[in-house]
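Listed here are the chains, written in short residue letters.
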Amino acid sequence: AQSVTQPDARVTVSEGASLQLRCKYSYFGTPYLFWYVQYPRQGLQLLLKYYPGDPVVQGVNGFEAEFSKSNSSFHLRKASVHWSDWAVYFCAVSLYGSSGNKLIFGIGTLLSVKP
Amino acid sequence: NSKVIQTPRYLVKGQGQKAKMRCIPEKGHPVVFWYQQNKNNEFKFLINFQNQEVLQQIDMTEKRFSAECPSNSPCSLEIQSSEAGDSALYLCASSFRGAETLYFGSGTRLTVL
Numbered sequence: 013a014q015s016v017t018q019p020d021a022r023v024t025v026s027e028g029a030s031l032q033l034r035c036k037y038s039y040f041g042t043p044y045l046f047w048y049v050q051y052p053r054q055g056l057q058l059l060l061k062y063y064p065g066d067p068v069v070q071g072v073n074g075f076e077a078e079f080s081k082s083n084s085s086f087h088l089r090k091a092s093v094h095w096s097d098w099a100v101y102f103c104a105v106s107l108y109g110s111s112g113n114k115l116i117f118g119i120g121t122l123l124s125v126k127p
Numbered sequence: 011n012s013k014v015i016q017t018p019r020y021l022v023k024g025q026g027q028k029a030k031m032r033c034i035p036e037k038g039h040p041v042v043f044w045y046q047q048n049k050n051n052e053f054k055f056l057i058n059f060q061n062q063e064v065l066q067q068i069d070m071t072e073k074r075f076s077a078e079c080p081s082n083s084p085c086s087l088e089i090q091s092s093e094a095g096d097s098a099l100y101l102c103a104s105s106f107r108g109a110e111t112l113y114f115g116s117g118t119r120l121t122v123l
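Chains A and B supply the protein sequences, listed in that same order. With the first sequence counted from 1, adding 12 to any position gets you this note's numbering. With the second sequence counted from 1, adding 10 to any position gets you this note's numbering.
One should not assume that every hint holds.
[As the list claims (entries may be wrong)] Straight line, CA to CA, 25 Å or less: simulated DSS-like cross-link-like pairs of lysine-lysine:
1) LYS81(A) <-> LYS36(A)
2) LYS49(B) <-> LYS37(B)
3) LYS61(A) <-> LYS36(A)
4) LYS61(A) <-> LYS13(B)
5) LYS54(B) <-> LYS13(B)
6) LYS61(A) <-> LYS54(B)
7) LYS28(B) <-> LYS36(A)
8) LYS73(B) <-> LYS37(B)
9) LYS61(A) <-> LYS30(B)
10) LYS73(B) <-> LYS28(B)
11) LYS49(B) <-> LYS36(A)
12) LYS30(B) <-> LYS73(B)
Note that these hints are calculated values from the structure, not bench results.
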């Protein structure tokens, strides 16, 4: 069955350090993949999206992600983390069906930033 | 930034009471989704619409949940008889086409006492 796994419930990095948040997907075919961020007491904001093409996609606020078909992964990266990046990050895959499309989400990774 | 507007931000109901929340999708987006996010960050798809028509809904939705997206009015999600297990963040999202890019509102946090 189609699914998304985020193996790290929580990741802590120092401000200014680099970041990688992991995402593994299970999908029959070529997936459309997304990273969303949820700040405290807010909804989800789109960071970036992958449509079949260039495996490295750029997003907002310096985030990027790399699609790997061989590893079934879509990891999120940032070169230098800022304290304002403290949030929960969700990876999602778009599931296509005869009754319309919907997103399947991972359970999120909480990013904590140390000063 | 998303322009999906959800009201109210917070909703507190007793068990058995009706709970109703509203969503104004982003202008020009014909597709609307409702998701339930529980305290463990698990997302449950509830229902989606294209224009005013229901595309898909889960069984739970068919029994106690009702939703509509009338033309020229906000979309709404209503729980007929709230249960403690319904306590969650309800997220509305809209898109121009399917689920290729969903834009989410800030959510309505429902607490059922």
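With a cut-off of 25 Å on the C-alpha distance, tell me whether LYS61(A) and LYS13(B) pass. 19 Å, holds
Regarding the pair LYS73(B) and LYS28(B), is the alpha-carbon distance no greater than 25 Å? Holds: LYS73(B) and LYS28(B) sit about 13 Å apart, inside 25 Å.
Would you mind confirming whether the straight-line C-alpha gap from LYS61(A) to LYS30(B) stays at or under 25 Å? 32 Å, violated
Need the status of pair LYS28(B), LYS36(A): alpha-carbon distance at most 25 Å? Violated - the C-alpha atoms of LYS36(A) and LYS28(B) are around 39 Å apart, more than 25 Å.
Below or equal to 25 Å on CA atoms is what counts here, so check LYS30(B) against LYS73(B). OK: LYS30(B) and LYS73(B) at ~15 Å, within 25 Å.
Does the alpha-carbon distance linking LYS61(A) and LYS36(A) stay inside the 25 Å limit? At roughly 15 Å apart (the allowed maximum being 25 Å), LYS36(A) and LYS61(A) satisfy the hint.
LYS73(B) paired with LYS37(B) [C-alpha distance capped at 25 Å]: 30 Å, violated
Taken at face value, is the distance from the CA of LYS54(B) to the CA of LYS61(A) at most 25 Å? 21 Å, holds
Hinted pair, alpha-carbon criterion (25 Å max): LYS49(B), LYS36(A). Please report holds or violated. Distance of about 22 Å is within 25 Å: holds.
Check the hint pairing LYS54(B) with LYS13(B) against an upper bound of 25 Å on the C-alpha distance. 22 Å, holds
Checking one constraint from the list: CA of LYS81(A) to CA of LYS36(A), max 25 Å. Satisfied? OK: LYS81(A) and LYS36(A) at ~10 Å, within 25 Å.
Hey, LYS49(B) versus LYS37(B), does the alpha-carbon distance stay inside 25 Å? 30 Å, violated
Checked against the numbered hints given earlier, this structure breaks hints 2, 7, 8 and 9; the rest are met.
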